[in-house]
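Protein chains in written order, with this note's numbering: chain A, 1 to 644; chain B, 645 to 841; chain C, 842 to 942; chain D, 943 to 1241.
Hints listed in this document are in silico derivations from the structure and should not be mistaken for laboratory results.
Note that the coordinates shown come from a computational prediction; the quantities given were computed from them, not determined experimentally.
Careful: at least some of the hints might be erroneous.
Stated by the list, open to error - Here are the computed distance ranges between Cβ atoms for each label pair: (1) B:Leu752 - A:Ser619: 20 to 30 Å; (2) D:Val1041 - A:Val540: 21 to 31 Å; (3) A:Leu615 - B:Gly805: 49 to 59 Å; (4) A:Ile12 - B:Gly805: 57 to 67 Å; (5) B:Gly730 - A:Ser619: 15 to 25 Å; (6) A:Val29 - D:Phe1006: 49 to 59 Å; (7) C:Leu887 - A:Ile12: 49 to 59 Å; (8) C:Leu887 - B:Ile799: 36 to 46 Å; (9) A:Gln621 - C:Ile859: 38 to 48 Å; (10) A:Ala18 - B:Gly764: 48 to 58 Å; (11) B:Gly805 - A:Leu605: 45 to 55 Å; (12) D:Tyr1049 - A:Ile12: 44 to 54 Å; (13) A:Val490 - D:Gln980: 42 to 52 Å.
Ideal Cβ placement from N, Cα and C applies to all residues, glycine included.
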Amino acid sequence: MKDFFVTGDPLIYGADAAIVVTVVAIVFVLTYFKKWRWLWREWITTVDHKKIGIMYIICSLLMLFRGGVDAILMRLQLAMPDTKFLESQHYNEIFTTHGTIMILFMAMPFMFALFNWVIPLQIGARDVAFPYLNALSFWLFFFGALLFNISFVIGGSPDAGWLAYPPLSELSHSPGVGENFYIWGIQISGIGSLASGINFLVTILKMRAPGMKLMKMPLFSWSVLASCITIIFTFPVLTVTLALLFVDRFFGAHIFTMDGGGNPMMYVNLIWMWGHPEVYIVVLPAFGIYSEVVSTFSKKKIFGYTSMVFSMMIISVLSYFTWVHHFFTMGAGADVNAFFAITTMAIGIPTGVKVFNWLFTMFRGRIRMTQPMLWTLAFVPCFLVGGATGVMLAVAPADYQYHNSYFLIAHFHQTLIGGVVFGYLAGLYYWWPKIFGFKLNDRLGKWAFWLWNIGFYVCFMPQYALGFMGMTRRVYTYGWDMGWAPYNLVSTVGAFLMGIGFVVQGWQIIYSIKRGERDLTGDPWNGRTLEWSIPSPPPVYNFAKIPEASEQDAWWEMKKKGIKPTATSYEAIHMPKNSGIPFLMSVCWFIAGFGLTFHWIWIGLAGLAGVGICLLARSFQYKTEYYIPAKEVSRIEAMYRRGA
Amino acid sequence: MQQSITPQHEHEHHESMKVFGFWIFLMTDCILFACLFATFAVLRTHTDSPFTGNELFEIPGFTAETFILLTSSFTSGLATLAMNKGKVKPLIGWLAVTVLLGAAFIGLEINEFMKMVSEGATISTNAFLSSFYTLVSTHGLHVSVGIVWMIAIMIQLKKHGIQSVTKRKVQVMSLYWHFLDVVWIFLFTVVYLMGVM
Amino acid sequence: MESEKHHGSLKAYVTGFIASIVLTIIPLLLVVNHTFKKGTLTVAILGMAICQLFVQLFFFMHLKDEKKPRYNAMALVLGIIFVFTIVAGSIWIMSFNEQVH
Amino acid sequence: MKKLAMAKTSLLLLLSACLLAGCDKRFILLHPKGPVAQKEYDLIVLSAILCAIVVIPVLALLVFIVIRYRDKPGNKATYRPEWNESKWLEVFWWGIPIVIIGVLGFYTAKTTFALVKPPVTNVKPVTIQVTSLDWKWLFQYPDQKIATVNYAEIPAGVPVQFVLTSDAPMNSFWVPQLGGQEYTMPGMAMRLWLQADKPGTYYGSGANFTGKGFAHMKFKVVAKPQSEFLAWTKQVKKTAPALTKEGYEKLARQGLAEKTAFSSYPAGLFEEIVDKNGGKYMSHEMKHGHGHMHQHDEN
Ligand code: HEA
Ligand code: HEA
Ligand code: CUA
Ligand SMILES: [Cu+2]
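Make a model of the complete structure from these sequences and hints.
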C-alpha cells in the first residue's frame, strides 16, 4: 500500500482530499437529481459530434487548469530557489506532467473539440465520416488522460521530462511505475488521436456539401486537413517509440538501454520524428482559426486564398523533414546539421506568407474588435517574435548555445501560447455562440484578455534574458551568484497574471451561462461560412437540407444574393445510433493500461481481452443507424423558426 | 465524389468511405513498420557471435513461411473474386484456406522463436535480438489479429450473405492481408536474407 | 474501389501470384549462392522486394483502378516518401555511431 | 489604441532586454571569451538582425493597419471587401523570407562545417576526456594522466579537444563563454573543440536533464597561462591521491561530489567506460583494444 499511494507530501494530501470531495459531490448530485440515466443516454453513449466536442472542451479546460497549477508551482519554486517549496523529485515530476498534459491532454483535445464543433457544420455535413469511431477517440483520450493523471496520487508521477529520454526513463534509472503511467496514458490517448486524424481526413475529403470544391473550402477546414495529414503520418511513430520503451521496461529488451548494445540516441531520433510535427499539428488549426476570424471581423474576403492553402500544405509536409533541430547538439555530423538547419528555417517562409496575408486581409477592411479578433491580433506580434526566435534556434551552431536553456523555454511558450492557446481561445469565443446559443460576456473577456497578454510578456520575456545568462531548463534551484533571481521573480509574477486571467475566464463562462447575450439568429457575427447558416445550437442532424456551396464563403454569398436556408419540404434523415461500446472499450483499455503499469499481468491481459470482445461485438452489429422521419424534421425546423 | 444524397446512394457512399478510411489506416501501419525497420537497421549490428542472423536464421524455415504467406495472399484474392461473382460458398471456402495458411505461418514462426530461445537468443540477450523480436512479432501479431477477424467475417457471411456491408468487410480484409504480405516481403529481405548474407 | 468490374480477374491474380513467387525465388538463390559481392547483392535483393511491392499493389490491391480524384494513390505516394524518410533518415543520422571508434 | 499600447510595451520590453544584455556582463552568452564562442555569437547577432529586419516592419505595419481600418463611424479609409489578391504583393512576400533564409542558411552551413575543425591549427591542442556521471563531472587528462572532478583547468590560448562520454543518462557539456555545448552520450566518444583566449574562470554546467541531482551539476573551467597550467598539472601529480578502480566505482554511484583532483587513474578507464555502455558495438577496432580513439569530426 505504501508503494501504491503517494505519501508524505502535504500538497498531495490536499489534492487527495480535493479529489475525494469532488468525486463524492459529483456522485451525490447525479444521484440526487436522478441524472445517471441522462448522463448515460445523452453523453456517454452519444455519437453526436457537437456533444463530443463539448466533452472535449470540458476536459481540455480542466487539463489547462491542472497544467497551469503545475506551472504556477514551478514558478513559485524558481522565484525562491533557496526554499524547499518543491524538492528536486517533486519539481521533476511537475515539469514532466506540465509539459505532457499541456501538449497531449490540453492542446490536443482542445483542437479536437474545435474540429468536432466546426468541421461538419462548416462543410455542410450531418456528422463526421465515422461517428462511432469519433466517440471511441474521445473516450480513449479521456481514459488515457485519466490514467496519466491518477499517477499523481497512485504510484507516483513520471519524472523524466515530457519526452522521457532513455536511459533516464529506463528501468535502470526510473524503476518506479511513473514512466509506465506515462507510456500507457499517452499510448491510449494516442490511438484515439490517430483515429480522429483518419476520421476528419475522410470527412473533409468525402463529405463536403455538393459544389464545395477543395479550392472553395473554408480555410479552417483546410488547416484541419493539413493537421490530419500530419497526424496520420506521425502518430504511428509515437506509438512505436513508446511501445519500444515499454518492451525495454517490461520484457527486459535492450533497444534504448545503456547495456546490451541498446542505443538511447535512437529514441531521441524517433520521438522527435513525432514530437516536431506534433507542434505543427497543434498550430495549423490555429492558423485556420485566425484565417476565419480575420476575414469575418475585417468584413473582407481572405487575402491570397491560394497561397494560404499552399503554405499550409507545405508546412504540413515540410514539418516531417526538420526533426533533427531538437538534437543538433548530438553532433550527428556537419552535413546532417546543416541539412536540417536549412529545412527548419525554410518553414519560416510559408509561415511568413500567412502572416502577410492576414495583415492584408485587414488592410482595406473594417476591423471589429470582438473577443475572437482581440486574441487574433494579440497572436500576430507574439507568434512573430516566437517564430523569429525559432529561426534563431534553427541556426545550428548558435543552437549549441541556446539548447536546453531558458531561451528555448521562452521560444516555445511564445509559439505554444501565442500561437496555439491564443488561437484556440479565439476559436472558442468565435464558435461558442454556435454551439451553446449565447455569447460569452464581453467585459469579463476583455479583462481576461489583458491579464493573459500582459502576464505573458512579463512571464516569458525575462526568460530570454535568463537564456542569455546561461540558465538551463529543468533545474529546481540555482545559486545567487549568477544573477538569475530577479528575472525569475518577474517571470513568476507574469505567471500569476496569466493564472488570474484564466480564473476570470472561468468566471466569464459561469456568468455568461446565466446572463450571456442570447443568439437567436444563428449568425451572431455576420459570418461567411456554412456553419452560420443554421440555428444555434444546431439540431442533431445539423442541416435539414444539405446546402449547395459552390462559392468560397458560401454563406456570405447566399446572404448577398438573398437566398434563405430554409426549405418547404423535408426528407427523412439517416443518423447513426448511439453506442455504449466506445465507452466500454476505453474502460477496458484503461484496465489494461493500469494492469500493465503495475505489472499485474492478468489484469492487463483481461483488459486487452475486453478490448477484443468489444471490437468483435461491434463487428457483429448490423443495425447501427436509424431514420429521423420527415415529419419529425419539419416539426423541429418549425420549432426553431418560431424561436428565431 | 460529390454524390447526390439519396438514401441508397448514401449507403454505398458510406461503405466506400470506410474502405478509404481503412486505406489511410494502412498508411499509418506502413509508418509503424517503417519505424520498426529503422530501429532494426540501426541495431542489427549490435550483437556478437553466436547471436548473429547468420548463425540463428534457418533458410528452409523462413523460406517456407514466405511461400505460405504469399500463397495466402493469393487465396484471399481468390476469395474476393468469388465474392464479386456473388458466390458465398467459394468465398467462405477461400477465406477458410487463407485462415489455415495464416495459422500455419504463425505456427512456423512460433516454432522458430522457440528454437531461438532454446539456443539462448531471447529478447533480452542484446539489442539486435530485441529489435528482431519486436519487428517480427509485430508482424506476427498483425497476422494473428487478421485470422480472428477473418473468422468473424466468415460467420457474418454465413448469417448475412453477400451484401454491401459484408462485401466491404471482405474487401477491407483482403487489403489488410495483402498489406501484411508486402510487409513480410521486406522482413524476408531485410531481416532474413540480409541476415544470412 | 466501388464497382465490380474493377476487381481484377483470375488472370490478374494468377499473374501476380507467379510474379511474386519468381521475385522471391531469385533473391533467395542469389543469397544462397553468394552470387554477388555484399553491396551489389543488397541492392539487388532490395530492388526485387520493391518490384514485388508494385506487383502486390497493382495485381492484388488494384491501385490503378481507382476513380478520380486518386486519394488512395496520393496517400500511398506520401506514405512511401515518409517511410523512406524514416528509414534512410534514421540510418543517416545514426550512422555517426559507426564513426565513433 | 490598446493594441498599439500593447505592441509598444512588448517592443519596449524586447528592446530593453537587448540593451541590458549589451552592457550587463551577466549575460555570458553575449560576452564570448574564445574563438568558438565568438563564431557562435556572431551568428546569433546575424540571425537576430536578419529576423529583426522582417519582424519590426511587420509589427509596425500591424499597428498601422489596425488603427487605420478600425470599424468606427466616420472612418474614411478605403474599404474594398472583394480585394483579395495581388500577384506582385504575393511575389514580394514569398520573396523576402526566401532571400533572408537563403542568407542565413548560407552562413549557418558555413559555420557548421567550420566548427568541426580546431579553432587554431598552429598550436598543439590539449585533450581532456569528460565523463558525465550521476551527478558530477569527471575530467581526465590523457597526456598528463591526471584527473579532476567538477572542475577543469586548461591553458589559455590553446585549443582544447574535449572528448565526451557518459556513464549515466545522457547529459550535455556546456561552457557558455567558451562555446556551445555537446551531448555526453553513453557508448559514444564525441569531440568538442573549445578555447579560452584569456585566463579566467568560466562557468560550466550540465545542460541535459539527468534526474534528481541534475541542478547541481555545475563545474568551473579555469583557464591559466600555459606555464601555470603545467605547474598545476605537476602539482596535482605530486600531491593528489590516485583514482583507483574502486574509487571510480564509488564516484560513479548516484550522488553529489566535491571538487577533487587525482594524480592518476586506471589505464584505459575512459575507453572502458565507452565500451561497456555500448561503444563496443559501435566499432570493431575498439573491441580489439587499440586504446586509441579517433572520434568523429563534429563540432
Ligand atoms: C501548450 C503548452 C503549454 C502551455 C500552455 C504552458 C503554459 C505555461 N508554462 Fe509551460 N511548458 C510546456 C508547455 C506549455 N506550457 C512544455 C512542453 C514544457 C517542457 C516540459 C519539460 O521540460 O519536460 C514546459 C515547461 C515550462 C517551464 C520550464 C520548467 C523547467 O524546465 O524547469 C516553465 C517555467 O517557467 C513553464 C511555465 C509555464 C507557465 C507560467 C505557463 C502559463 O501559461 C500557465 C498559466 C496558468 C494557468 C492557466 C493556470 C491557472 C490556475 C490557477 C490560477 C490556479 C492557481 C492555483 C494555485 C497557485 C495552487 N513551462
Ligand atoms: C506550436 C508550437 C511551435 C511552433 C509553431 C514552432 C515553430 C518553430 N520552431 Fe519551435 N519548438 C516548440 C514549439 C514550436 N515551435 C517546442 C515545444 C520546442 C521544444 C521542445 C522541447 O525541447 O521540450 C521547440 C523547439 C525548437 C527548436 C529546438 C531548439 C533546441 O532544442 O535547442 C528549434 C530549432 O530549430 C525550433 C525552431 C522553430 C522554427 C524555425 C519554427 C518556425 O515554424 C517558426 C516560423 C515563424 C516565423 C519565422 C514567424 C513569421 C514569419 C515571418 C514574418 C516571415 C519572415 C521571417 C523570417 C525570414 C525570419 N523550435
Ligand atoms: Cu577505434 Cu580505431
Ligand atoms: Cu521542432
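Here is how each hint holds up against the structure:
Between B:Leu752 and A:Ser619 the beta carbons are some 28 Å apart, a value that agrees with the proposed interval 20 to 30 Å. Checking the proposed 21 to 31 Å range against D:Val1041 and A:Val540 shows it is violated: the Cβ atoms sit about 53 Å from each other. Judged by the Cβ atoms, the range 49 to 59 Å given for A:Leu615 and B:Gly805 is violated: they are separated by roughly 23 Å. Between A:Ile12 and B:Gly805 the beta carbons are some 60 Å apart, a value that agrees with the proposed interval 57 to 67 Å.
A hinted range of 15 to 25 Å for the beta carbons of B:Gly730 and A:Ser619 is consistent with their spacing of about 22 Å. Between A:Val29 and D:Phe1006 the beta carbons are some 53 Å apart, a value that agrees with the proposed interval 49 to 59 Å. Roughly 55 Å separates the CB atoms of C:Leu887 and A:Ile12, a value that falls within the hinted 49 to 59 Å. Checked against the hint of 36 to 46 Å, the pair C:Leu887 and B:Ile799 passes, with Cβ atoms roughly 41 Å apart.
Here the CB-CB span from A:Gln621 to C:Ile859 is close to 41 Å, well matched to the stated 38 to 48 Å. Here the CB-CB span from A:Ala18 to B:Gly764 is close to 53 Å, well matched to the stated 48 to 58 Å. Roughly 36 Å separates the CB atoms of B:Gly805 and A:Leu605, a value that falls outside the hinted 45 to 55 Å. For D:Tyr1049 and A:Ile12, the Cβ-Cβ distance of about 51 Å falls inside the hinted range of 44 to 54 Å, so the restraint holds.
With their beta carbons about 30 Å apart, A:Val490 and D:Gln980 fall outside the hinted range of 42 to 52 Å.
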